Each structure stands twice: as C-alpha cells, then as structure tokens.
Amino acid sequence: MFAVATAAILVAMLLALVRAFAGPTLYDRVLAGNSFGTKTVILIGLMGYLAGRPDFLDISLLYALLNFASTIAILKFFRYRTLSISLDGPGADAPRFEERDVE
Amino acid sequence: MTGAEIANANLLIDLSLLTMLVLVAFFMVRSRHLFAIVMLSGIYSLLSAAFFVSLDAVDVAFTEAAVGAGVSTVLMLAAMLLTTRREKPIIAGRSPIALLVAVLVGAALIYATLDMPAFGDAAAPANSYIGAAYVERTAQEIAVPNIVTAVLASYRGFDTLGETMVIFTAGLGVIMLLGAGSARGGRPVSDVGEDEKGGANEKGRA
Numbered sequence: 001m002f003a004v005a006t007a008a009i010l011v012a013m014l015l016a017l018v019r020a021f022a023g024p025t026l027y028d029r030v031l032a033g034n035s036f037g038t039k040t041v042i043l044i045g046l047m048g049y050l051a052g053r054p055d056f057l058d059i060s061l062l063y064a065l066l067n068f069a070s071t072i073a074i075l076k077f078f079r080y081r082t083l084s085i086s087l088d089g090p091g092a093d094a095p096r097f098e099e100r101d102v103e
Numbered sequence: 001m002t003g004a005e006i007a008n009a010n011l012l013i014d015l016s017l018l019t020m021l022v023l024v025a026f027f028m029v030r031s032r033h034l035f036a037i038v039m040l041s042g043i044y045s046l047l048s049a050a051f052f053v054s055l056d057a058v059d060v061a062f063t064e065a066a067v068g069a070g071v072s073t074v075l076m077l078a079a080m081l082l083t084t085r086r087e088k089p090i091i092a093g094r095s096p097i098a099l100l101v102a103v104l105v106g107a108a109l110i111y112a113t114l115d116m117p118a119f120g121d122a123a124a125p126a127n128s129y130i131g132a133a134y135v136e137r138t139a140q141e142i143a144v145p146n147i148v149t150a151v152l153a154s155y156r157g158f159d160t161l162g163e164t165m166v167i168f169t170a171g172l173g174v175i176m177l178l179g180a181g182s183a184r185g186g187r188p189v190s191d192v193g194e195d196e197k198g199g200a201n202e203k204g205r206a
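Those sequence lines, one after another, are chains A and B.
If you read the first sequence in this note's numbering, its first letter stands for residue 1, the second for the next number, and so on.
If you read the second sequence in this note's numbering, its first letter stands for residue 1, the second for the next number, and so on.
Chain A with its partners taken away, still in its complex shape:
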C-alpha cells in the first residue's frame, strides 16, 4: 500500500514540475513550488513507513512549516517589494503589485 502511494506521489511531483516548467504566469510557478514542497513532505513520511522505521516523521512536519513560511515570504515579497513593512499601514509607500509583473 505504501509502495503504491509512493509511486502516486512521485507521479504527482512530476506533474507539479510540468506546471513549474510551463508557467505561464507567476502564480502558476508559486503554486507549483508550494505543491512540490507538500509532495516532498508526504514523500519523506512515506519513505519512513516504506522502510518500516518512521523515525523521521518530525522532519517532514518541520518541512511543512518551512514550506508554508517560504511561500508566505515569496508572496509577501511580491506584494510589498520588501520584507519589512512600514508601520504607517500596508502599502502606504510601497508600490502596489502591477499587471506588467505577470508575464
């Protein structure tokens, strides 16, 4: 059962890769990167159970947290163009996201 699940996850990783290669917009690639991170989390968990020693399950939990945080960081970067927001209110002096950024 775990072997079949692992094979399915590997195929899903390949599909996420295709979306990351093809694009075409920025959000497609962000989504592909995020879903690829999720697939990695599941794959690491499955590899533990496949080998009969799920000791590294906490590693995949940490990966899930990291994946979430880095997606937030990427999206925040595109919204505010910087990692630190001024306290005057969101986007008071930061340029808004523009349509020309989406290719």
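Treat the hints with caution; some may be incorrect.
Stated by the list, open to error - Simulated DEER-style distance windows between Cβ atoms:
| # | chain 1 | residue 1 | chain 2 | residue 2 | range |
| --- | --- | --- | --- | --- | --- |
| 1 | B | Val101 | A | Leu14 | 32 to 38 Å |
| 2 | B | Gly171 | A | Ala69 | 19 to 25 Å |
| 3 | B | Asp14 | A | Ala69 | 25 to 31 Å |
| 4 | B | Val103 | A | Asp28 | 34 to 40 Å |
| 5 | B | Thr160 | A | Tyr49 | 29 to 35 Å |
| 6 | B | Met176 | A | Gly52 | 48 to 54 Å |
| 7 | A | Val18 | B | Thr63 | 25 to 31 Å |
| 8 | A | Asp58 | B | Met80 | 31 to 37 Å |
No lab work stands behind these hints: they were computed from the structure.
Computed from a predicted model, the values in this text were never measured in an experiment.
Even glycine gets a Cβ: it sits at the ideal position worked out from N, Cα and C.
Following the hints, complete the assembly by docking chain B onto the known chain A.
Then chain B, alone, in the frame of chain A:
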C-alpha cells in the same frame, strides 16, 4: 516487506528523484525567465533534500531545505527585483574547444569515481578506522544519541565555535557595508548628511 523489497523500492525512489533533479537543472539552464529559475532552484533544493533523507543524511537534508528552499529563494527574489525579469538572450557561437574541454574533464571526474568505495561499504576508510571508534565511544563518552551531533558539538566543539564566529563576523560586516537603511528594507536613513545615500535605494525599488 522484506529487505530486498525495501532496497528495490529505495532504488526506484532514488532513480526518480535523480531524474527529476536532472530535468530541473536542464530547464534552469535553458530558461530565460528569471522568476521561473528562482522557483525551480527552490524545487531543486527540495528534491535534493528528499534525496538526502533517502540516503539517511537527515541533518544535511534539513539544512538543505532550510537554506536552499527557504532562505536562498527569498534572497534570489530580492536580487531579482533589482534587475530585469528576463535574462538577455546570449547569441553564443559554437566552440568545439570548450565542448572538448568539458567532455574531457567530465570523463576524468567519472573515471576518478571508479576508485571510490561502494556506498555503505563496511571496509571503506570512512567506516573502518576513526569512524568506527567514534561509533563505539560516543555512547559512553558524550552520551548524545546522535553521533553527528556529538562530533559537531563536542569532539570538534572549538572548531564549530570558530566557524560560528567567522560567519557572525561576516554577517556583521555585510550589514555594516550595506548600512542601516538596507537592514530596514531599503528606506533612506534621515540622519544628517544621509540624504544622497537614499537615491540608490529609491531607484532600486521603483
């Protein structure tokens, strides 16, 4: 599952992960779209982290995921926003000498790997002399369950302390070179005589 089945499954996982690594690397070289390259480098780090877990190097895998997929993706994005979105097309002529040198060096490197011991070989130098001594002595000398942690933090603790100090000093130097304004997100600092420094930052964010 029996041991042979587990080994076969692991081999298949490794082969698929390495194939995807090659695919990602190929697309990173071919693509001219810088944002796609940044995202693909994050995916490359995740793939190699999964491969490290498959090789039982969990600590290396975690560093790779945290630094490669997390921090350096954001740093590359920060660098990308200061430049254009697309790489300029390079019209390169075919140079057979460069190809020949690359093929020769690659062949020599592959030939050199033939002398290396097989993966997990018990008679390999890394597993037979000092490595075996650490495996035997860590339990009673340091009493830390993870041997890699024991070696890093105790057996070579002074070395690790030195490394940490070097990296901390380097980080301090970078922050002092870039100035306080860049640490606060590129806003100009309104100290006396600082106004002309803000121009470069404003240009970068426009």
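>> Checking each numbered hint in turn, tell me which of them this model violates, lowest number first.
In response: none
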